[in-house]
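Enquirer: Using the numbering used here, the first residue of the sequence shown is number 594, and each one after it goes up by one.
Hint data in this document are derived by calculation from the structure and do not stem from the laboratory. A hint or two may mislead.
Pairwise CB distance ranges, derived in the manner of DEER restraints [to be verified]:
1. Pro-805 - Ser-703: 37 to 45 Å
2. Ser-703 - Leu-804: 33 to 41 Å
3. Gly-657 - Glu-633: 17 to 25 Å
4. Arg-739 - Gly-631: 33 to 41 Å
5. Thr-807 - Tyr-760: 34 to 42 Å
6. Glu-676 - Arg-603: 36 to 44 Å
7. Leu-804 - Asp-764: 29 to 37 Å
8. Asp-789 - Asp-764: 28 to 36 Å
9. Pro-754 - Arg-600: 29 to 37 Å
10. Arg-603 - Ala-791: 24 to 32 Å
11. Pro-634 - Glu-777: 23 to 31 Å
12. Glu-676 - Tyr-760: 19 to 27 Å
13. Gly-657 - Tyr-796: 17 to 25 Å
With a Cα cut of at most 20 Å, we get these calculated DMTMM-like pairs of lysine to aspartate or glutamate [said to hold, decoys possible]:
14. Lys-759 - Glu-683
15. Lys-658 - Glu-623
16. Lys-658 - Asp-702
17. Lys-658 - Asp-691
18. Lys-740 - Asp-764
19. Lys-658 - Glu-611
20. Lys-658 - Asp-612
Note that the Cβ used here is the ideal one computed from N, Cα and C, for glycine as well.
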Amino acid sequence: MVQIITRANRDQHASLLEDMYRHRYRILVEQMGWNIPGIEPGYDYDAFDTDRTIYLIETHPHTGKATASIRFNPTTAPHLMSEVFANQCEFQGVPVADDIWEVSRMVYDSDRMGGELFRRTRGLFLVAITEFAIQSGIRAISWVVRKSHYATLIQFWPTTPLGLPKYFAEDDAEYISAVSQMNEAALAGVRRRRGDDALVFPYGIPSDLILPGTTPLLRAG
């Protein structure tokens with residue numbers, strides 16, 4: 594199950610959010626070697642986890658623990674790319690618009706899933722991200738990701754790089770910034786990866802998350 598968590602329902606999901614912050618720390622800091630300024634040991638909560646942040650969290654079908662998560666932030670407010678990674682957008686600058694949102698902190702936890710569940714989760718979560726964006730009126734998402742993951746994502750999302758790859762010594766990897774279109778082509782691409790066209794959010798998303806003037810591309814049901 595993929596949960597949509599916003600400021601409106603955050604209190605109802607407090608324990609899941611706590612689990613997600615600890616889960617992010619374990620994956621990003623302990624396993625991947627990230628150096629995230631200003632966070633507490635064991636707990637990844639930073640300046641870009643705000644009241645306006647929207648989280649998608651997939652939970653394990655038996656334990657209810659977070660197995661995958663991502664955060665959406667509006668680009669019209671300070672966000673990770675504008676404040677930390679602007680130097681990675683030398684081609685055309687940091688994208689800013691009401692209908693462009695940044696996604697960050699996309700993590701999967703293979704230790705909490707067996708091999709088959711892990712493969713299904715990755716496919717399902719990409720569909721969830723794309724469905725959520727389209728249903729809410731988000732035209733495009735901006736992101737910074739490892740170069741190796743970039744090569745995978747561009748197979749499914751129509752994507753334009755924003756700059757050249759940059760090397761980060763702390764986790765010995767190159768990262769690249771990009772912007773991806775969230776449209777029917779993107780949805781078809783991630784559905785191919787998943788292997789079916791079932792909706793992750795069959796009854797749509799909360800109406801207060803839908804941007805004005807949006808005509809959803811998906812049919813509920």
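Enquirer: Would you mind marking each hint as holding or not holding in the structure?
Expert: Status of each hint after checking the structure:
1. At roughly 40 Å, the beta-carbon separation of Pro-805 and Ser-703 lies within the given 37 to 45 Å, and the hint holds.
2. Between Ser-703 and Leu-804, the C-beta spacing of about 34 Å keeps the proposed range 33 to 41 Å intact.
3. A hinted range of 17 to 25 Å for the beta carbons of Gly-657 and Glu-633 is consistent with their spacing of about 24 Å.
4. Between Arg-739 and Gly-631 the CB atoms are about 22 Å apart, so this pair departs from the stated range of 33 to 41 Å.
5. Between Thr-807 and Tyr-760 the Cβ separation comes to about 39 Å, which falls inside the hinted range of 34 to 42 Å.
6. Checked against the hint of 36 to 44 Å, the C-beta distance between Glu-676 and Arg-603 comes to roughly 23 Å, which is inconsistent with it.
7. In this structure, Leu-804 and Asp-764 meet the distance hint of 29 to 37 Å, their C-beta atoms being roughly 35 Å apart.
8. Restraint check, Asp-789 to Asp-764: a C-beta distance of roughly 34 Å satisfies the suggested window 28 to 36 Å.
9. Checked against the hint of 29 to 37 Å, the pair Pro-754 and Arg-600 passes, with Cβ atoms roughly 32 Å apart.
10. The supplied range of 24 to 32 Å is met by Arg-603 and Ala-791, whose beta-carbon atoms lie about 28 Å from each other.
11. Taking the beta carbon of each, Pro-634 and Glu-777 are about 44 Å apart, not inside 23 to 31 Å as hinted.
12. Taken as a hint, the range 19 to 27 Å holds for the pair Glu-676 and Tyr-760, whose Cβ atoms sit roughly 20 Å apart.
13. Between Gly-657 and Tyr-796, the C-beta spacing of about 21 Å keeps the proposed range 17 to 25 Å intact.
14. For the suggested pair Lys-759 and Glu-683, the alpha carbons sit about 11 Å apart, so the restraint of at most 20 Å is met.
15. Under the criterion of a C-alpha separation no larger than 20 Å, the hint pairing Lys-658 with Glu-623 is consistent with the structure, at around 19 Å.
16. With a C-alpha separation of about 10 Å, the suggested pairing of Lys-658 with Asp-702 holds against the 20 Å cut-off.
17. About 32 Å separates the Cα atoms of Lys-658 and Asp-691, which puts this hinted pair outside 20 Å; it is violated.
18. A threshold of 20 Å between alpha carbons decides the hint, and for Lys-740 with Asp-764 the separation of about 12 Å falls inside it, so the pair holds.
19. A hinted pair counts as satisfied when its Cα atoms are at most 20 Å apart, and Lys-658 with Glu-611 qualifies at roughly 10 Å.
20. Of the pairs offered as hints, the one joining Lys-658 and Asp-612 holds, with about 7 Å between alpha carbons and a cut-off of 20 Å not exceeded.
Violated hints for the displayed structure, listed by number in ascending order: 4, 6, 11, 17.
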